[in-house]
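K.L.:
With the hints as a guide, dock the two chains, each given alone in a separate frame, to form the complex.
Protein chains in written order, with this note's numbering: chain A, 392 to 776; chain B, 378 to 641.
It should be emphasised that the hints constitute simulated quantities derived from the structure, not laboratory data.
All values reported here derive from a predicted model rather than from experimental measurement.
Even for Gly, the Cβ is constructed at its ideal location relative to N, Cα and C.
Among the clues, some could well be false.
To be verified - Over 10 Å on every C-beta distance to chain A, these chain B residues come out as not near it, computed from the model:
#: 1; residue: 398
#: 2; residue: 520
#: 3; residue: 596
#: 4; residue: 617
Unchecked claim - Cβ pair distances, simulated, as ranges:
#: 5; chain 1: B; residue 1: 540; chain 2: A; residue 2: 606; range: 42 to 52 Å
#: 6; chain 1: B; residue 1: 517; chain 2: A; residue 2: 721; range: 45 to 55 Å
#: 7; chain 1: A; residue 1: 613; chain 2: B; residue 2: 489; range: 49 to 59 Å
#: 8; chain 1: B; residue 1: 517; chain 2: A; residue 2: 444; range: 43 to 53 Å
#: 9; chain 1: A; residue 1: 521; chain 2: B; residue 2: 630; range: 36 to 46 Å
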Amino acid sequence: MREPGANGRFGEFGGRFVPESLIPACAEVEEAFRDAWADAGFRRDLDRLLTVYAGRPTPVTPAWRLSAELGVDVLLKREDLAHTGSHKINNVLGQALLAVRMGRTRLIAETGAGQHGVATATAAALLGLSATVFMGGKDMARQALNVHRMRLLGAEVVEVTSGSRTLKDATSEAMRHWVTCVDEAYYCIGSVMGPHPYPWMVREFQRVIGAEARAQCAAELPKAVPDYVVACVGGGSNAAGTFAGFADTGAQLVGVEAAGGAAISNGGVAIMHGHRSYAIQDADGQILEAESIAAGLDYPGIGPEHAHLHELGRARYVTVTDGEVVDAVKRLARSEGILPALESAHAVAWVLRAAGTAELPAGSTVLITLSGRGDKDSNSLMEIQ
Amino acid sequence: MTTTAVTGVPVETHLRARRDAGRKLLVPYVTAGVCENWTEHLHACAEAGADAIEIGLPFSEPTVDGPTVQEASDRALHRGTSLRTLLADLRTVRLAVPLIVMTYYHLVAREGLAAVCAALAEAGVRGLIVPDLPLDESAALEQAAAAAGIDLILVAAPSSSPARLREIAQRSRGFVYAVTAMATTGERTALPATAGAYAATLKQHTDLPVLLGFGISTPDHAAAGARSADGVVVGSALMRRILDGAGPADTAAFVTTLRTALDR
Chain A
392 MREPGANGRF GEFGGRFVPE SLIPACAEVE EAFRDAWADA GFRRDLDRLL
442 TVYAGRPTPV TPAWRLSAEL GVDVLLKRED LAHTGSHKIN NVLGQALLAV
492 RMGRTRLIAE TGAGQHGVAT ATAAALLGLS ATVFMGGKDM ARQALNVHRM
542 RLLGAEVVEV TSGSRTLKDA TSEAMRHWVT CVDEAYYCIG SVMGPHPYPW
592 MVREFQRVIG AEARAQCAAE LPKAVPDYVV ACVGGGSNAA GTFAGFADTG
642 AQLVGVEAAG GAAISNGGVA IMHGHRSYAI QDADGQILEA ESIAAGLDYP
692 GIGPEHAHLH ELGRARYVTV TDGEVVDAVK RLARSEGILP ALESAHAVAW
742 VLRAAGTAEL PAGSTVLITL SGRGDKDSNS LMEIQ
Chain B
378 MTTTAVTGVP VETHLRARRD AGRKLLVPYV TAGVCENWTE HLHACAEAGA
428 DAIEIGLPFS EPTVDGPTVQ EASDRALHRG TSLRTLLADL RTVRLAVPLI
478 VMTYYHLVAR EGLAAVCAAL AEAGVRGLIV PDLPLDESAA LEQAAAAAGI
528 DLILVAAPSS SPARLREIAQ RSRGFVYAVT AMATTGERTA LPATAGAYAA
578 TLKQHTDLPV LLGFGISTPD HAAAGARSAD GVVVGSALMR RILDGAGPAD
628 TAAFVTTLRT ALDR
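The shape of chain B in the complex, shown without the other chains (with noise of 0.2 Å):
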């Protein structure tokens, strides 16, 4: 077998020290190939602020996407994004904060588990989320991940029961992912009032950074999620403005209102 080059900062060391050091953890959301220069908009993201980066490989028949995700996915699979060109442009982007790609079960199940994980950690990605992979069956994509050194980040929900939530803190790695609702991705005009006390619930079960997504949609939003949680992931209010026509430097202003609004 061949030692994978693994390259890339990693997720749960680099998101632990800026968290430990009392800052809330900002994680943008970009589709990969949704345009022509997406990767820019990668170091938009970097230089506004983000801790991290979270890269969508798009599927056809996604079950956790909203209408702005999948019209996002929609046009980057038109444009002919595959996991083969996502890691042929990540080739070209070296960032200072960790990149981590989310994609559904089939893309990587069909590849071989260890094969994708390696070529992902080749490509500089250092953490992965599978949305569509349940505790259940995630042992063995565990297993890959780590041996490819990419943290395998799992997804909580509300209606976790207490022993899941437990267990979904205790084996994910990099960070928790809170899903704030029951409710695909999408922009939202308010948080869910329980998303504060669901962060706190999980953050009772592990010392991992626990980070709020799916309806942050402001830079309200974003401040009021990361009071309960280390902070938030930030998608389709991002990709509504990429979809509309913001350029790379839009992107940095937009990042640039969500990290202040964290930092205030």
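Isolated chain A (complex conformation) (with noise of 0.2 Å):
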């Protein structure tokens, strides 16, 4: 997983698809990120952030019940152990760090679960900056934890009414607000998502979750990398931080997308939200309303670094259902005592699906990142008992 080229395509993927007022605010983001990852200063404040603020590294566990259960051996890549209980701060600590360095005194996001609007407010309260969060009314009501949370942090919460509600609509909207402000705002970017820079830089900001556990599974596992590495997968910034640990090793790469919002599995080449990708669409090229028990998946598209890695065959995207999403959750729960996130528990998914098939044969080792814990779903989760 390589550098995206001049123009931010990965492959045919990427690139810079927003209005014309959008442009400089773009490459001043690229500028000002080359600049500071090329900095030492830069890098050594942030590994201090995220190791005395954001408790990494987090660990791998075994799960050994469960391992014992399926025949294979799986770790756990814990970023629910991360604070505020999800991977979405290493990418909002990074941004944030960059926002201040270009001297931005306002952060805006979008959030579909609420975990990166969370990661965004308690940046913004960290480094004392003001936040302002987009989230469509839908993902309010049933994320309403995640919307109080963001509140006694100080951030703004915005409900987008329009469209479907959701993160698609909330991230249209988000942009449309950033046109308003770019001299003052920092759009802080929830996943490997948008125009070029974005993609690359949140992969870059999350490639501490995959180089982790790429030295923690050596240290576990007697072939030191695991046969399979799998995620799940809405904008997909888990799983490409994950994969870019494991990108140059024999393993194979696995993202799972809900079955409702599967942009590789059901969609088209699609251009939107700055960016060329999958997304799922009508017959006339409208961008469908994604469907998922888990609010962080529901989103119609896909990261564009995702797209390449399908197309080069070095990935290979999975669907499961929410039905299979809850009954992992439970699994999960009771054999390892680990509550995920819906989001994170469509990786589980798969692996009790495919475990001892052979798309996952017996004796396989696996990695799964665990991308959040599930106590934000606890009211969801209580509505369909």
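P.N.:
Encoded structure:
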């Protein structure tokens, strides 16, 4: 997984498809990121925050009982143990430090499940910035706890009432808002999507997941590298960060999409939210509303680098249903005492289904990234009991 | 390859001629399919003194549209509006002013650039605006549009660097669409004070007509904008009226007030 070309492409995907008004802002973010990423001082500041504030490194936990039941060796990369409860904090701390370096005083963000919004509100509080988070009305209702958390942290949460009132509409609204305030606000995108340099930059900020996991697997596994590396994919930031640590190994990379929002499995090439990738769409090219029990995967598109990995055949993308996801939450909770986020449970669900089949043969070693913890989903789970 | 039968009035020659005759240019915007009789609003605009008409083909993920045009787009999409219905509707429309389609790049790219441009030309469209297609990515569509006899109108922004403004002005066809402010489309109480100087800068780079758009909400705004630019585009102020139930006669009355202000 390399740096995208000068035009911000991963193969034919990515790019910078935004209104002319935003072109200078994107170029400014790119220049600032390149400068910061080459600056040992910036990297040191970020590493220190990740260690003393975000709780890194997160452990890799062998799933002892589940492994025995499934006949495959399962390791869990525990992003659920990072501060704020998900991997989102890794990226947001990086971008918030970048925003400060660029002289910005305000962060704007979009959020689906609320985890990126909570992480953004957290980083803003930590660094003395203000935060405005756009969230679809439907997501605000089902993730009320995270809305409350964001407000406690001092963020303004703006309800988006257009379209399907989910993450895709919050993303469009955040982008529209960014046009009006590029001089004072920094747009902190929550996944590996948006115009160049965001998909690349967010992957680099999330690379820490894969880099740590690579070293931890080397200590845990006789063969050093797992046979399979599995992560859930909405926009795909936890998967991109995880895959980045294993792209140069023989590990099979598996991204698990929600069946109701399967951009790669059921979609076609689309240009939206600043980049070219895959998205689910109707016969006229209008982007469809994704349907998933997990708000964080309720996004009709996927980051452009995933589209590229798919076309290369380097990663494969599969789907699981909401029913399988709920079963996976319960199974992991009861066998390991870990309550995963509904998003993360997609990755677990695929392993539960595939273990012992030709897709995931008995005796394999599997790393699953648990991108976040499931407390936020308690209400959703209670409703379907 | 089949030859496209280009119909309709050319954008650039038409606007240049009118501009050079001393007329200030007026381009109203109408969302395709917003109501059953939406094409009658096109006729109303033309009869009331529009110099060209911009037609919005709605996309579900609009990144430059403010609340009014979003609402119009949602309504049009719920009515089943698509490129296919737009082309069918426009085949029944023949006007003495050029028609320009505004839409997002996804809806153009997915059908194939050459195919979409040819189909638009065949339906009588002679201009195209794709606001999420920046200069750096637009070469292929510029070529396809030119081959079909369609002017690809490029958008300039207040944030564009001097070098980009120059290149936009040089590569645009038909006219240069100068966004008045760092904003989305939508009605505003005042025109930004900087719009005049910015339009004047653009005019130094090109002999093409330069039109100001975004936020032109009243006849006074139109007149003020056209003092430094060659004319204005008026979208949300008209669409707000149509969303509130204005018929073609009301559209004609509103466009007439804009025309009168520009001619004063």
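K.L.:
Could you run down the list of hints and mark each one as holding or not?
P.N.:
Right, here's what the structure says about each hint:
{"no.": "1", "hint": "398", "verdict": "holds, 30 Å"}
{"no.": "2", "hint": "520", "verdict": "holds, 17 Å"}
{"no.": "3", "hint": "596", "verdict": "holds, 25 Å"}
{"no.": "4", "hint": "617", "verdict": "holds, 16 Å"}
{"no.": "5", "hint": "540/B with 606/A: 42 to 52 Å", "verdict": "holds, 46 Å"}
{"no.": "6", "hint": "517/B with 721/A: 45 to 55 Å", "verdict": "holds, 51 Å"}
{"no.": "7", "hint": "613/A with 489/B: 49 to 59 Å", "verdict": "holds, 53 Å"}
{"no.": "8", "hint": "517/B with 444/A: 43 to 53 Å", "verdict": "holds, 46 Å"}
{"no.": "9", "hint": "521/A with 630/B: 36 to 46 Å", "verdict": "holds, 45 Å"}
Taken one by one, the earlier hints all hold for this structure without exception.
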